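Protein chains: 2
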Amino acid sequence: MIDIRKLIRIVPDFPKPGIGFFDITTLLKDKQGFQEVIDTFANHFKDFDFDKISGVEARGFVFASALAYKMNKGLILIRKPGKLPAETFSQEYELEYGADAVEMHKDAVEPGEKIVVIDDLIATGGTVKAACRLIENAGGEVAGIGFMIELCFLKGIDKLKKYNVYSMLKIEDD
Amino acid sequence: MIDIRKLIRIVPDFPKPGIGFFDITTLLKDKQGFQEVIDTFANHFKDFDFDKISGVEARGFVFASALAYKMNKGLILIRKPGKLPAETFSQEYELEYGADAVEMHKDAVEPGEKIVVIDDLIATGGTVKAACRLIENAGGEVAGIGFMIELCFLKGIDKLKKYNVYSMLKIEDD
Chain A
3 MIDIRKLIRI
13 VPDFPKPGIG
23 FFDITTLLKD
33 KQGFQEVIDT
43 FANHFKDFDF
53 DKISGVEARG
63 FVFASALAYK
73 MNKGLILIRK
83 PGKLPAETFS
93 QEYELEYGAD
103 AVEMHKDAVE
113 PGEKIVVIDD
123 LIATGGTVKA
133 ACRLIENAGG
143 EVAGIGFMIE
153 LCFLKGIDKL
163 KKYNVYSMLK
173 IEDD
Chain B
3 MIDIRKLIRI
13 VPDFPKPGIG
23 FFDITTLLKD
33 KQGFQEVIDT
43 FANHFKDFDF
53 DKISGVEARG
63 FVFASALAYK
73 MNKGLILIRK
83 PGKLPAETFS
93 QEYELEYGAD
103 AVEMHKDAVE
113 PGEKIVVIDD
123 LIATGGTVKA
133 ACRLIENAGG
143 EVAGIGFMIE
153 LCFLKGIDKL
163 KKYNVYSMLK
173 IEDD
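Going down the list, the protein sequences come from chains A and B. Add 2 to a position in the first sequence, counting from 1, and you land on the number used in our numbering. Add 2 to a position in the second sequence, counting from 1, and you land on the number used in our numbering.
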């Protein structure tokens, strides 16, 4: 059993002064750490009834992809605006200053399909909430949400109260 | 055996008029197609001697990640400028108009490590050549390169003559 917490590096003052950034690249390059994270997700979701896994650009792709492969599910890419070539649904979300959006192909989810949403980290939760709305707009159902890291002090999870949420690693203090 | 070619959609006039974009999202959402692509990569690289797999942002992450998991290797993220939080190597490459760059953490590769580079598609080859240089600048060795799709008519592979390159799907005509 690997202590995945020890494989995550906190980089001070990124992306701006005063912010400590949780850098997962030190975990990913460690083959045992990477296996452990994917296996832990797979174990958590093994009894869930679902069809596909969606990942949010760009770090979310890393975990969603390996997990979809491991669990033999289809993979859906939820991307930044302008990246997906065919017809998309778009969903805005608020940032500290201003707004951003995520997009998903209209044909990514069939009505009634059950989707697990994966991201590396939940901070304020805006992106993942928008991702869930995209899935619901397409007629899908969010079967569960998984994060490797939850920054509990930012209370992003409060935005996701109606969902079944799993956080592998809970960071309690700022 | 799945015909992965049939699962890839060509979207006309994206990102600009006259360009046909090879859309892999239709393949990824098909669980059998996705398994087939990763298993085919794994079969190709199974006798290669290497330590880690690197993927180029963002679609490259999808294939590199699942393959690294499947083959029990470490995963390296090669990203657009400004995305990686710790100290990086940076490598510019030329575009049709202007230039862009890719970055990799300085500690992603140990001297002497052997790396397989994965990307979804090779067009003109500039990005992947820059990715290989990053690995070599860090003291690593490129053990092999894998693409799901090669646009042969763009001759990007000519930039990679010194490497062992594998293309799963060769598109011959424009």
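Keep in mind that the hints were calculated from the coordinates and are not lab data. Just to be clear, a hint being listed does not mean it is correct.
No copy is singled out in the list; a pair is fine if it fits within one copy or between any two copies.
Pairs of lysine to aspartate or glutamate, EDC-like flavour, derived with a Cα cap of 20 Å [as the list claims (entries may be wrong)]:
(1) Lys157 to Asp49
(2) Lys131 to Asp49
(3) Lys163 to Asp53
(4) Lys72 to Asp41
(5) Lys85 to Asp175
(6) Lys48 to Glu89
(7) Lys72 to Asp32
(8) Lys108 to Asp53
Predicted, not measured: the structure shown is a model, and the values here were computed from it.
Verification of the hints:
no. : hint            : result
1   : Lys157 to Asp49 : neither (27 Å within a copy, 47 Å between copies)
2   : Lys131 to Asp49 : neither (23 Å within a copy, 43 Å between copies)
3   : Lys163 to Asp53 : neither (22 Å within a copy, 41 Å between copies)
4   : Lys72 to Asp41  : both (8 Å within a copy, 11 Å between copies)
5   : Lys85 to Asp175 : neither (35 Å within a copy, 25 Å between copies)
6   : Lys48 to Glu89  : neither (32 Å within a copy, 38 Å between copies)
7   : Lys72 to Asp32  : both (18 Å within a copy, 14 Å between copies)
8   : Lys108 to Asp53 : within (16 Å within a copy, 39 Å between copies)
Comparing the model with each earlier hint shows violations of hints 1, 2, 3, 5, 6; every other hint is respected.
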